[in-house]
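S.K.: Can you join these two chains into the complex? Each is in its own frame, and there are hints to help.
If you read the sequences in order, they're chains A and Z. The first sequence finishes on residue 370 if you use my numbering, and the numbering steps up by one all the way, no holes. The second sequence finishes on residue 307 if you use my numbering, and the numbering steps up by one all the way, no holes.
Hints were generated in silico from the structure; no laboratory data involved. Positions of the beta carbon are idealized from the N, C-alpha and C atoms, including for glycine. Hints may be right or wrong, so weigh each one.
[Claimed, not checked] Derived DEER-like restraints, expressed as beta-carbon distance ranges:
hint	chain 1	residue 1	chain 2	residue 2	range
1	Z	215	A	260	24 to 30 Å
2	A	280	Z	122	33 to 39 Å
3	Z	28	A	147	56 to 62 Å
4	A	197	Z	125	39 to 45 Å
5	Z	255	A	15	38 to 44 Å
6	A	317	Z	205	52 to 58 Å
7	A	74	Z	167	47 to 53 Å
8	A	147	Z	175	35 to 41 Å
[Claimed, not checked] Calculated from the model, a selection of chain A residues having no Cβ within reach of chain Z, i.e. all distances over 12 Å:
hint	residue
9	37
10	274
11	348
[Claimed, not checked] Selected chain A positions facing chain Z (Cβ under 10 Å, derived; list incomplete):
hint	residue
12	126
13	201
14	205
15	206
16	207
17	210
18	211
19	213
20	219
21	246
22	250
23	302
24	330
25	356
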Amino acid sequence: MTDATLPAVSRSLWQDAWLRLRKNRAAVASAVVLAVLALVGIFGPMLSPHSHATIYQQYVRVAPSFEAYPKAEDILPGFEREMKRARLTGAEPVLEGSRLSVALTAGEKPIDPRVTRYFERSELFSAPQLDLAEDGMTGTLTVSVNRQYFILGTDNLGRDMLTRIMIGIRISLAIGLLASVMALIIGVAWGATAGYLGGRIDNVMMRIVDILYSLPFIFFVILLLVFFGRSLVIIFIAIGATEWLDMARIVRGQTLSLKRREFVQAAEALGATRRGILTRHIVPNLLGPVVVFVTLLVPKAILLESLLSFLGLGVQDPMTSLGLLISEGAQNMRGAAWQLIGPALTLTAILFALNFLGDGLRDSLDPKER
Amino acid sequence: MLSYTLRRLAGAIPTIFIIVTLTFFMIRLAPGGPFDLERPIDPLIMLNLQRAYGLDQPLWQQYLTYLGNLLQGDLGPSFARRDFTVNDLFAAGLPVSVMLGGLALGLAAVLGTFFGTIAALRQNSWLDYTIVALATFGITTPNFVVAPLLSLIFGVILGVLPAGGWSDADPRYWVLPIVTLALPQVAVIARLVRGATVEALRANHVRTARAYGLPARVVVGVHALRAALLPAVSYLGPTAAALMTGSVVVETIFGIPGIGRYFVQGALGRDYTLVMGTVVVIAIFVVVFNLLVDLAYAWLDPRVRYD
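With the rest of the complex left out, here is chain Z (with noise of 0.2 Å):
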């Protein structure tokens, strides 16, 4: 096991490498750049620009030059953002927004399994019929919806919780962007854990623990439940790293100081370091919770091995 987590991350260097070079020469060779404004600037002034950050080497080597500053763990200066660089903007948001996405995540996967569980077992029935429907209409209504719907019930009319803004000491800011994040993924996760459910309950090795004699709790908890939880377990991988490195329009709405803003402004603005500083850090992501998701796998359903 050991051996195999090992191999899967060394793995994953030529993985990132490949992604680094790809977003480097497509961000690149898309038309526009970091400095082009309404209104045209001085060609001169262009030229000092482009000198004081490396623009006017030839392509090839500004992307020697980044490879080298990204394995010293150096991400460059922000275009956009003059006075910063990549660095600094990820050491001030992504904690914020792993934290966010943490908690989110944590939320929708207990109470995903649970609702997804119990509807398995009462398959058919009001009750079946209640969280399915609800999981339905969680799917349904985007979060640029239920952002702005919650924000006005809890903050505005209630009052009892901060409509928008952050703080990081005082959890009540956290309430409204973890429950947005949280309830399309308790959704998807609830009907994905029923239907697997179902099939799990008529599996054959359930049967064979119902004949046993184990008590129901044990056949649904222990046995179902391992089965039952491989299509959420696949789905959550790509969703951890999805939700853990900021949404867009939470952030936006509630004025979150995450970095899911970075990618689109980035992108949109041609800020070069700042699209590939978030292209790195959601690939290490990704890599890594694909990997968490495998070992799980391994670990709930005996039937797969690695080696």
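Here chain A stands alone, though its shape is the one from the complex (with noise of 0.2 Å):
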């Protein structure tokens, strides 16, 4: 007869932290958040009808809104304007869904069938189709109103917001994520490998992170720049190689306490080798604190991505990140708020659900959890 309460296998230190993170409905609420702006980060430009670099110099600064631009009010105006460009003349145009047309009358000379080009250069109206009579005095024009949406409205160039937020979520995500992993994969290492060790080799560890330490970010990122040019990956390059310095200092004092607790030296004392010490009880037990900053460091690298920009060392227009687009909408908050707002909630959402998920994690990898 078998015991049904007794689980048949063992659960490992991952099931059972996977177990309890899936409880745990914020962490769960903020990976599916996460998954979702990185669906949209990745798939939404792709998906937009507007490029983020695409300048409507009509719509400059327009306030977000469900309605199309041009406006109903705006229509016949720009209509009339393309009217006299063409030295057209014509009964009231009639507005029929997103078709426009107009009986022409007669005027001195037949009508030029390459009228049409003034409406397709225009930005307002596309696909002019002209019904001449027989003899070419008269006729009728119909023309397509191009109806865009800013649902976010546009930024001081006349590029949609929402698609350059989509991007900026795309390239912050990344450089967020590229450089944390890039600083907690070496931190972590170096880190445990000075603390464990000790002695003349700490020594000598720690003293290179003071070094490299001392040397300050932005001059370390200047001179990247100036030597290997502009580009995202020198920009992860710099952001992930100075962040591992924050997190090696404190990988390494955690690990000096832990070191001399007792089932450390329980492992010493049955012959452990020191690799499978620092692998096998150090680095797991470190995760805690670990996790705890690197939900800090993701917002950190996305920040410092856009401390760049402020400074115009960062991404380049017109590619643009989280950070770029809230340190333009700080500058236009007074005028433009939604350039500012836009962003800076994206940016908060990212971040929000960044630290549950983070404390969820450090909650369902505590063994005293069970």
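M.R.: Encoded structure:
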């Protein structure tokens, strides 16, 4: 007879953590939010009707709305303007859906069929169609009205904010993740080794960290940009290469106090190798503080990139990032608040989700939570 | 402890020497020079300029000259700001930056520890969630958004504080820059302290202290807090160095005569001596504060020994 209350197999640390994480509603919701935002960042710009670099000169700094541009009251004046340019006269234009048609009245000369070009070039209209009468003096002109939607408004150059925010999500998440992963791997390996081995090796390793730390971040970035030219990859590398130093110091500090704990002494007494103790005992116990620090690191990397953008060294226009959008928005916050609010809320949402996910991870990795 | 401190300070000299050497050759090998303008200068004038600043000598000789001057505390003349030596610039700017950074750091440490401990003690209550949410907000808002916002609200709309500018004597000019510098640090420290306090409250030594029947105030304020401060102290070292050597953004937006701007200006304009001077000053701050952090570690955690 088997005892049904006992689990058939024991659960590993990670299975256990996963089970606990799934029960944490805030963490699951944050993971979903992050996944959705990541998908928006990856696929959003492809699906958007606007490109992040397209400039609509007629729609500079328009406020967010669900209404289509051109607005109903702007269509007819715009059409009149084009009519005047094309030197055409006509009766009252008729708007049906998105088609605008007008009966042209006779002038002194026959109507040149090439007048349609004026309407092709206009940003308001497209697909002009001219049906001339036999004598070429009168006819009907039909054009389509180009309806543009700027749900989140446009920026100072007349570019769609929604598309730019989606591109910003893509770039910022990429910078945050890549730089943090780089910092995480180097920092944990370096700090744990230095803290655990101690003595002269610790001294040398932390001295190297001190030296690198004392070279200010901006200096490093400016030099990298001067030597290798401006590119996104250099920004990833520069941010990752400066952020692991913090991680190494924190991990070393934790390791220093961990290595005097009984379970490490027990492992040493049982003859475990140093490498084994590091990977099986020290590093898993470091995860709590490290995970919390990573949830601070991703936003920090995103913000560092925005600092670079503020100084004019970051992502270059027309490419953009959330940080760059926010710094542009901050300059225009008195007249065009939506330019700040859209990207700032998006960034806040990403960072909130990261934080709650990090907290959830920390709680679920903590063996004392069982 | 004293011998440890002295040994660490002695050990810092080679560190600073390596930093100086590294930066010297890195900035010199970077393309461009301090006298490169949009319009090329007459070659003869260029030659005279370079001779006046000693740039015509071989690089190793310039390096030795610089090291010699540095040992006597002379950081050399600034290339971009004629008539000023780098020593003059720092003598004027450093006290401002150190004072602002120090006050911001103190404010951040006190508020951050306070809020972090409160949040941990009331874990998963509405108070905890509010503090975590506010802290997240503080971390997420870049200072180039906070600074104009504060200046707009308190300087322009309410009109209670100066919107910008600087005065050594009038503390009202200090408030907004200090708050801008401190806000993100309050948030980070509160999060670190909260995380560590949650762990510390479950630790054996805290349970033992409770079992002895010590009052809650002693258990939390002495036994738990000591362990909980460790990650925050690690964080504070480099942060202190960064805050006290000035912030480009805050100094630019509020118009403060600190030294934070010099670094970016110097590196972009190839003002060699200014960059080197900034690097030396920052390096000294980082070395000193990292030493303080390690000493604080030994004091907070009796298991850590330096001998």
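S.K.: Confirm or reject each hint.
M.R.: Here is how each hint holds up against the structure:
1. Between residue 215(Z) and residue 260(A) the CB atoms are about 29 Å apart, so this pair conforms to the stated range of 24 to 30 Å.
2. Taking the beta carbon of each, residue 280(A) and residue 122(Z) are about 35 Å apart, inside 33 to 39 Å as hinted.
3. A beta carbon spacing of about 59 Å between residue 28(Z) and residue 147(A) agrees with the range 56 to 62 Å that was offered as a hint.
4. Taking 39 to 45 Å as the suggested C-beta distance range, the pair residue 197(A) and residue 125(Z) conforms, at roughly 42 Å.
5. The hinted window of 38 to 44 Å between residue 255(Z) and residue 15(A) is violated, with their beta carbons roughly 57 Å apart.
6. A beta carbon spacing of about 56 Å between residue 317(A) and residue 205(Z) agrees with the range 52 to 58 Å that was offered as a hint.
7. For residue 74(A) and residue 167(Z), the hinted distance range of 47 to 53 Å is satisfied, since their beta carbons lie about 51 Å from each other.
8. Separation of residue 147(A) from residue 175(Z) is about 50 Å and departs from the stated range, judged on CB atoms against 35 to 41 Å.
9. For residue 37(A), the non-interface assignment is confirmed: its Cβ lies about 14 Å from the closest Cβ of chain Z, beyond the 12 Å cut-off.
10. Its beta-carbon lying about 19 Å from the closest one in chain Z, residue 274(A) satisfies the requirement of being farther than 12 Å from that chain.
11. Remark: the non-interface label on residue 348(A) conflicts with the geometry, its nearest Cβ contact in chain Z lying 5 Å away (cut-off 12 Å).
12. Hint on residue 126(A) is violated. Least Cβ distance to chain Z is approximately 40 Å, over the 10 Å limit.
13. A least Cβ separation of about 15 Å between residue 201(A) and chain Z goes past the 10 Å threshold, and the interface hint is therefore violated.
14. Interface restraint check for residue 205(A): the shortest CB-CB distance to chain Z comes to about 13 Å, outside 10 Å, so the restraint is violated.
15. Look at residue 206(A): its Cβ gets to within about 8 Å of chain Z, closer than 10 Å, so that hint holds up.
16. Interface hint at residue 207(A): satisfied, since its Cβ lies 6 Å from the closest Cβ of chain Z, which is below the 10 Å cut-off.
17. A distance limit of 10 Å between C-beta atoms decides the matter here; for residue 210(A) the minimum to chain Z is near 6 Å, and the interface restraint holds.
18. About 6 Å separates the beta-carbon of residue 211(A) from the nearest beta-carbon of chain Z, less than 10 Å, and the hint is met.
19. For residue 213(A), the shortest C-beta to C-beta distance to chain Z is roughly 6 Å, which falls under 10 Å, so the interface hint holds.
20. The beta carbon of residue 219(A) is positioned within 10 Å of a beta carbon in chain Z (closest approach about 6 Å), and the interface hint is therefore held.
21. Interface hint at residue 246(A): satisfied, since its Cβ lies 7 Å from the closest Cβ of chain Z, which is below the 10 Å cut-off.
22. The criterion of a C-beta within 10 Å of any C-beta in chain Z is met by residue 250(A), whose closest approach is roughly 5 Å, and the hint holds.
23. Because the closest C-beta pair between residue 302(A) and chain Z is about 9 Å apart, less than 10 Å, the hint holds.
24. Annotation: interface hint on residue 330(A) holds; nearest CB of chain Z at approximately 5 Å, less than 10 Å.
25. At a threshold of 10 Å, the smallest CB-CB gap from residue 356(A) to chain Z is about 8 Å, leaving the interface hint in force.
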